[in-house]
Each structure stands twice: as structure tokens, then as C-alpha cells.
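Chains as they are written, first to last, in our numbering: chain A, 1 to 468; chain B, 1 to 176.
Bear in mind the hints are in silico, worked out from the structure with no lab data behind them.
Fair warning: there could be bad hints in the mix.
[To be verified] Below, simulated DSBU-like cross-link-like pairs (lysine-lysine); rule was C-alpha separation at most 35 angstroms, straight line:
no.: 1; chain 1: A; residue 1: Lys220; chain 2: A; residue 2: Lys35
no.: 2; chain 1: B; residue 1: Lys89; chain 2: B; residue 2: Lys174
no.: 3; chain 1: A; residue 1: Lys228; chain 2: A; residue 2: Lys35
no.: 4; chain 1: B; residue 1: Lys51; chain 2: A; residue 2: Lys278
no.: 5; chain 1: A; residue 1: Lys6; chain 2: A; residue 2: Lys239
no.: 6; chain 1: A; residue 1: Lys220; chain 2: A; residue 2: Lys334
no.: 7; chain 1: A; residue 1: Lys278; chain 2: B; residue 2: Lys174
no.: 8; chain 1: A; residue 1: Lys239; chain 2: A; residue 2: Lys35
no.: 9; chain 1: A; residue 1: Lys399; chain 2: B; residue 2: Lys174
no.: 10; chain 1: A; residue 1: Lys399; chain 2: B; residue 2: Lys61
no.: 11; chain 1: B; residue 1: Lys89; chain 2: A; residue 2: Lys278
no.: 12; chain 1: A; residue 1: Lys27; chain 2: A; residue 2: Lys240
no.: 13; chain 1: B; residue 1: Lys69; chain 2: A; residue 2: Lys365
no.: 14; chain 1: A; residue 1: Lys365; chain 2: B; residue 2: Lys89
no.: 15; chain 1: B; residue 1: Lys69; chain 2: A; residue 2: Lys278
no.: 16; chain 1: A; residue 1: Lys27; chain 2: A; residue 2: Lys220
no.: 17; chain 1: A; residue 1: Lys278; chain 2: B; residue 2: Lys61
[Unchecked claim] Cβ-to-Cβ under 7 angstroms is the rule here; a few derived chain A residues that face chain B:
no.: 18; residue: Thr178
no.: 19; residue: Val179
no.: 20; residue: Asp281
Beta carbons: idealized from backbone N, C-alpha and C, even for Gly.
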Amino acid sequence: MRRIFKGIWEWFDHRTGLSDTIGPMMKHVVPGDAKWWYVFGSATMLAFMVQVVTGVVLAFSYIPSSSQAYDTLRFITEDAPFGRFLRGLHYYGASAMVLMVGLHMAQVFLFGSYKYPREMNWATGALLLAFTLVMGFTGQLLRWDQTAVWSVVVAAEQAGRIPLIGDAFARFVLGGQTVGGATLSRFFAIHVFVMPALIFAFIGLHMLLVLRHGISEPPKVDEPVDPKTYNEHYEKLLKKSGRPFWPDAAWRDVVFCTAMLLGLILLAWIFGPPVLGKPPDPSIVQADPRPDWYLLWYFAVLALMPPWLENYFIVLGPVLVGGILVVFPFAFNKGERHPLRRPWSIAIVIMVVLLIGSFWYIGLKSPWSPNFNAQRLPEKAVGAAAGPIADGARLFYSKGCLNCHLISGYGGRRGPDLTAVGARLTHDNIVIRIANGGNNMPAFGNNLTPQQMDLLVGFLQSRTNTLH
Amino acid sequence: MNTETPEPNCSPEELTRRRFFARVCVGLGALCSAALAIPAVGFVLAPLFRKTPQLWRTVGKVTDFEIGKTVSVVVEDSSPLPWAGVTAKTGAWLRRVNENEFMAFAVNCSHLGCPVRWMQDANLFMCPCHGGVYYSDGRVAAGPPPLPLTRYFVRIQNGEVQLQTLPIPITGPKGA
Numbered sequence: 001m002r003r004i005f006k007g008i009w010e011w012f013d014h015r016t017g018l019s020d021t022i023g024p025m026m027k028h029v030v031p032g033d034a035k036w037w038y039v040f041g042s043a044t045m046l047a048f049m050v051q052v053v054t055g056v057v058l059a060f061s062y063i064p065s066s067s068q069a070y071d072t073l074r075f076i077t078e079d080a081p082f083g084r085f086l087r088g089l090h091y092y093g094a095s096a097m098v099l100m101v102g103l104h105m106a107q108v109f110l111f112g113s114y115k116y117p118r119e120m121n122w123a124t125g126a127l128l129l130a131f132t133l134v135m136g137f138t139g140q141l142l143r144w145d146q147t148a149v150w151s152v153v154v155a156a157e158q159a160g161r162i163p164l165i166g167d168a169f170a171r172f173v174l175g176g177q178t179v180g181g182a183t184l185s186r187f188f189a190i191h192v193f194v195m196p197a198l199i200f201a202f203i204g205l206h207m208l209l210v211l212r213h214g215i216s217e218p219p220k221v222d223e224p225v226d227p228k229t230y231n232e233h234y235e236k237l238l239k240k241s242g243r244p245f246w247p248d249a250a251w252r253d254v255v256f257c258t259a260m261l262l263g264l265i266l267l268a269w270i271f272g273p274p275v276l277g278k279p280p281d282p283s284i285v286q287a288d289p290r291p292d293w294y295l296l297w298y299f300a301v302l303a304l305m306p307p308w309l310e311n312y313f314i315v316l317g318p319v320l321v322g323g324i325l326v327v328f329p330f331a332f333n334k335g336e337r338h339p340l341r342r343p344w345s346i347a348i349v350i351m352v353v354l355l356i357g358s359f360w361y362i363g364l365k366s367p368w369s370p371n372f373n374a375q376r377l378p379e380k381a382v383g384a385a386a387g388p389i390a391d392g393a394r395l396f397y398s399k400g401c402l403n404c405h406l407i408s409g410y411g412g413r414r415g416p417d418l419t420a421v422g423a424r425l426t427h428d429n430i431v432i433r434i435a436n437g438g439n440n441m442p443a444f445g446n447n448l449t450p451q452q453m454d455l456l457v458g459f460l461q462s463r464t465n466t467l468h
Numbered sequence: 001m002n003t004e005t006p007e008p009n010c011s012p013e014e015l016t017r018r019r020f021f022a023r024v025c026v027g028l029g030a031l032c033s034a035a036l037a038i039p040a041v042g043f044v045l046a047p048l049f050r051k052t053p054q055l056w057r058t059v060g061k062v063t064d065f066e067i068g069k070t071v072s073v074v075v076e077d078s079s080p081l082p083w084a085g086v087t088a089k090t091g092a093w094l095r096r097v098n099e100n101e102f103m104a105f106a107v108n109c110s111h112l113g114c115p116v117r118w119m120q121d122a123n124l125f126m127c128p129c130h131g132g133v134y135y136s137d138g139r140v141a142a143g144p145p146p147l148p149l150t151r152y153f154v155r156i157q158n159g160e161v162q163l164q165t166l167p168i169p170i171t172g173p174k175g176a
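Put together the whole structure using the sequences plus the hints.
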């Protein structure tokens, strides 16, 4: 039996030339000391393959129609066998892809692997990062719940900030004048055909470049890259300590990828996909749209940005960051590679992680948003069950003050904490502030009777310490 | 795969002929690409050029609305595609100012388009995304919005309140 299979394989291999084509690629020589740091690229590719497989099978049931997509997603999640798991795997696969691209880029950056002759490897990788983020955003929209619909509007508004073509670009994003029948299908086409085709093409190019220039050796202190001598140095290195990629180096990629896939399977199995929001009805205005975690930091940036900078940031920010990412390896393609000789590279990675992490954390909290779920202050916080102080507290709630201000840990965080405002501001100061607003607070002068103002000010003056 | 060509033991005319073939191939390739690309790009960009009429839509009877109150109403888009489903609907905030006067606002915050909510007792519109706040007449009260809420045209026809449909208001670089 074994001989028969061997014969069939040999015939097939002879006719297709598979071994001759794939063999040299798989067995290309890599530096012997390229070990666990080098697994993130393969992990990114596996995450992409997970997305392709889960995406294709989800498309068997998903209908990209504005009127039906939400119902098909409910069917996939609630009724279809393995549907909940596959949707979950697609979601965590996307998260893994973003995370692994980030880790892969950080490793390449810290190791200086983008230097000569691998500048184009980095540039194609930077484009793959952009494609991955577009996939993440468009994927969130295909969920086609209320958050997805409002995310499209937010995207159109941002597109609208581009000078001259902004309005046309915004209408292009929407697929017309409003969110409607044409909106979802264009994002479906982008997510399912356009971006995957680009990703496949650029992964191919990226791989071709990896094979052409070889995997960079781990950096050594005082071994700078000199374009005149590097190729010779690399050839010697491979001759001295090189190993075939398959299987000497590939096993680490396989082990790491297996661990990652098992992690994704566990996450999808235990936690399932993100919960579908309300239906995609733009007339339901009780909405609280938030992007998925990998873009939450950007949501925070848009909230905290000074208004005068916003247009420049929205339009020029991505162009500038993208431009720098693509161009910088060409500008700094020689010299030391070891991070100890390039301490600024460590600083940049730490700074980027801290910046994105901080914005992400504050995006989770969104202290700039009114707290629409604020409840009436409990008696223990007010310090009175009846009388003018209690009446003032009720007004503080009904007039929406509690949506933005915190009292003894209750309420919103959009405005200052007023737990001890009575010790901080005089009666007149409080009246002026309530009546005229200012510092990001609306004026309530026309919305309060003199009696209501007295009650409100009386309540706030009674906030003199944190014991309530 | 053999990519070696015989040593060109040939005349300059033959080399010119080879170059001619190359140019023909590139030229025909460009022609084929254009033949595919022009209709494809035109199709994708078509929504930009589609003229959408703005129509008057009834949102209720005059008597349905209380003076001084702001309520959410549903406006059907002017030319929804048959498969638009619930996305053919748009929300708007309608305020009855007095016996004969109404004001209506798009729900979209002028900052980045999120749906603002009306807080009845506070007499304010608040945005859940980045904290924009508007007064009851749509003026900006606080937060990042660069412009007031977009107003709908409102009319009373045969005892019914009608709003003229609007494209989603895009603030654009000049507004911001």
C-alpha cells in the first residue's frame, strides 16, 4: 500500500514540480541563532488563515443586506451549529492578528532588522499593518448592529474632514446620502474581497522578500550594518552556522502557532463572540457606539484632542504615521542594529505601548461622556431624607447635573468632582457657575427658577467633605 | 522553467520587432485594464453622483405634540433601496415651540455624527461619544462640537407636521 501511495506521489510531484518549487523555499537557510523572537510573523500569518477559514464559512450564512445581515448574525450566533464558536474564533482571530502584527513589528524594529537590505520587507509589512486595521474596522461594521451603523457615520464624518473631496468621500463611505441599503454591501465587498486580496498579494511579496534577503540574524553589539559588506557577511554567517528553515527553525513557529490557536479556540469556546447590540435602526437614538478594543485608543484620542488640532490630526495623522513607517527604513538603513546601541528604539517602543495603552484605558472609562445611567443619589450620600438639601439633591439629578458630576462616588466624571464643592467655592461662585456655565459646562440660568437655584446651591454648599 | 532565450544572433530589425511586440503587449494590457477599470470605478463611485430628491415626510399630527416638549420622531429616507430595511429610517428631534411653530434637529452630533440624546429636565441634548452638549435650540453648550445641531425644514400641512428629508449632515473641514 505504502509503495502505491509513494508511486502516486512521485508521479504527481514529477508532473507538478511541487517539491522543486516549494522545497527550496521551505529549506532556505536561516541563521542558527534565530529562535523564539522570530515566531511572530508566522503567528500573524496563522491568525490571517484563521480569519480566512472562519470568514469563508461564516459567509455561507451571512447575508450582506442592510435589512437581513443582523438577523443572519443572530441565526449564526444562536441557532447554527458551531456558529457561536466560529463567530468567536473570527473575533479573537482578528484580535490576535492585530496583536501579532504589533509584536512582529516591535521585534523587527528593536532588532534593527529593517536595515539594509530589508527596507522593503518593512515597508510591505507596514502596509500589511494598515490593511489589518482596515479589516478590523470593516469587520466590526459587518456585525451590522446599532454600534456598526453609528460607526459608519463616525467614519463618514472623519472622511468629511478631508479638504475639497471630504463631502464626496463621506458620501462614498455611506454609499449615498444616508446610511441605507447601499452602505453594508460596500463594506462587505471591501472586507471580503478587496482587503483580503491585497493582504494575500502583500503577504506573497513580503514572503518573496524574506526569501530573497533571508531572515536577519539576531543583532550583535558593535556589528553595524554596512551596505557595502553586509551581503558578504551574511553569506559567511549562513555558511558557518546556518540551518534549513524546515524543520530546524520551523518547529518553534509551529509550536508557538499551535499554542496561539489553542488559546483562540479556548477564548472562542468560553467567551463566545462579542454580543450583538440593538438592531441597526438609525432612528433608535439610545446608542452608545464604541469601536472594538484595537481602535478604542483612537476613539479616546478624538475625544481628548484640542479642537483646533482635530482636522489636521484626522486628515494628516494617518498619512504622517503611515508615511513615516514606510519611509524611515530607507533613511536609517545602516549602522548599529543592537537595541543597546540604539536605546532610542527601546524608548520609542515603550512610548508607543504606553501611549496606546493609556489612551486605550481612558477610552474604556470614557470620562468625557455623560453618565446616562446615573441613578438618584442615595440618602446616605445626600445626608438628608427630606427638606431643602434633599430637594436640592433631587434637582441635581433631574436637571442632569449628576450625568456629568460626581458626588461621593455617584454620577458622571465629565465635569469636576463636587463632593466637597461647598468647601471650595462660595455661594456666589456657585451661582455664577451654574447660571453662566463655562469651562465646558452649559449655562443653566434659563433653565432654573430662583427657587430651584436656591435649592441647588444649598445642596452644593452642604457638600463640604467626603464623609457623606 | 527555462527562461533563457537563444543568443540574439539577429539583426537590429529583429530586436526592434521584439521591442514592438513588447510594446503591443503592454499597450493592449493597458487597454484591457482601462476597459475593466472604467466601468468598475464608475459603478463604485455612482452613489456620489446619484441625485436624491428631498421629500416632505409626515411625522405626526400637530395635536400629537405638546408645547415645550422635545420628542424623537422617525423620518423615512427620501429614496430608500428596497432592501434597506430598518436602515431606511432616520431619527430626528422635534420640538413644539408654540401653537404653530416647530423646530426639528438632526440627531447627529456635529462633532463626529453620534446620536445625541434629549435630556428633558436638563433641557439639553447630550452626545454619548465625546461629550458634546447642546441647548434646546440646538446651539452648542459644551464639549467638542464645532457647529449647532443641523435643523430640518418643518411645515404644517393639513394638520400634520412634516419634515423635509436631509442627507446625514457632514460637518467638513470648514465647520470644524
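Quick rundown of the hints versus the structure:
Annotation: proposed proximity of Lys220 of chain A to Lys35 of chain A holds, straight-line Cα distance about 15 angstroms (limit 35 angstroms). Proximity of Lys89 of chain B to Lys174 of chain B is assessed by CA-CA distance (about 28 angstroms); at most 35 angstroms being required, the pair is judged to hold. Between Lys228 of chain A and Lys35 of chain A the alpha-carbon distance is near 27 angstroms, which keeps this suggested pair within the 35 angstroms criterion. A C-alpha spacing of about 31 angstroms is found between Lys51 of chain B and Lys278 of chain A, which places the hinted pair at or below 35 angstroms, so the restraint holds.
For the given pair, Lys6 of chain A sits about 33 angstroms from Lys239 of chain A by alpha-carbon distance, which is consistent with the 35 angstroms threshold. With a CA separation close to 14 angstroms, the supplied pair Lys220 of chain A and Lys334 of chain A stays within the 35 angstroms bound. Proposed proximity of Lys278 of chain A and Lys174 of chain B is supported: the alpha carbons are some 34 angstroms apart, at most 35 angstroms. For the hint pairing Lys239 of chain A with Lys35 of chain A, the CA-to-CA distance comes to about 18 angstroms; that is within 35 angstroms, so the pair holds.
Taken as a hint, the Lys399 of chain A and Lys174 of chain B pair is honoured in the structure, with Cα atoms around 34 angstroms apart against an allowance of 35 angstroms. Only pairs whose Cα atoms come within 35 angstroms are accepted, and Lys399 of chain A paired with Lys61 of chain B is accepted, the gap being roughly 29 angstroms. Under the criterion of a C-alpha separation no larger than 35 angstroms, the hint pairing Lys89 of chain B with Lys278 of chain A is consistent with the structure, at around 15 angstroms. Between Lys27 of chain A and Lys240 of chain A, the direct Cα distance comes to roughly 16 angstroms. Compliance with the 35 angstroms bound is thereby established for this hinted pair.
Between Lys69 of chain B and Lys365 of chain A the CA atoms are separated by roughly 32 angstroms; this keeps the pair inside 35 angstroms, and the hint holds. Of the pairs offered as hints, the one joining Lys365 of chain A and Lys89 of chain B holds, with about 31 angstroms between alpha carbons and a cut-off of 35 angstroms not exceeded. A distance of roughly 26 angstroms separates the Cα atoms of Lys69 of chain B and Lys278 of chain A; the hinted pair therefore holds under the 35 angstroms criterion. Using a Cα cut-off of 35 angstroms, the hinted pair Lys27 of chain A and Lys220 of chain A holds, with the two alpha carbons roughly 25 angstroms apart.
Of the pairs offered as hints, the one joining Lys278 of chain A and Lys61 of chain B holds, with about 28 angstroms between alpha carbons and a cut-off of 35 angstroms not exceeded. Interface restraint check for Thr178 of chain A: the shortest CB-CB distance to chain B comes to about 5 angstroms, inside 7 angstroms, so the restraint holds. A least Cβ separation of about 5 angstroms between Val179 of chain A and chain B falls short of the 7 angstroms threshold, and the interface hint therefore holds. Interface restraint check: Asp281 of chain A against chain B, minimum CB-CB distance 4 angstroms, threshold 7 angstroms, status holds.
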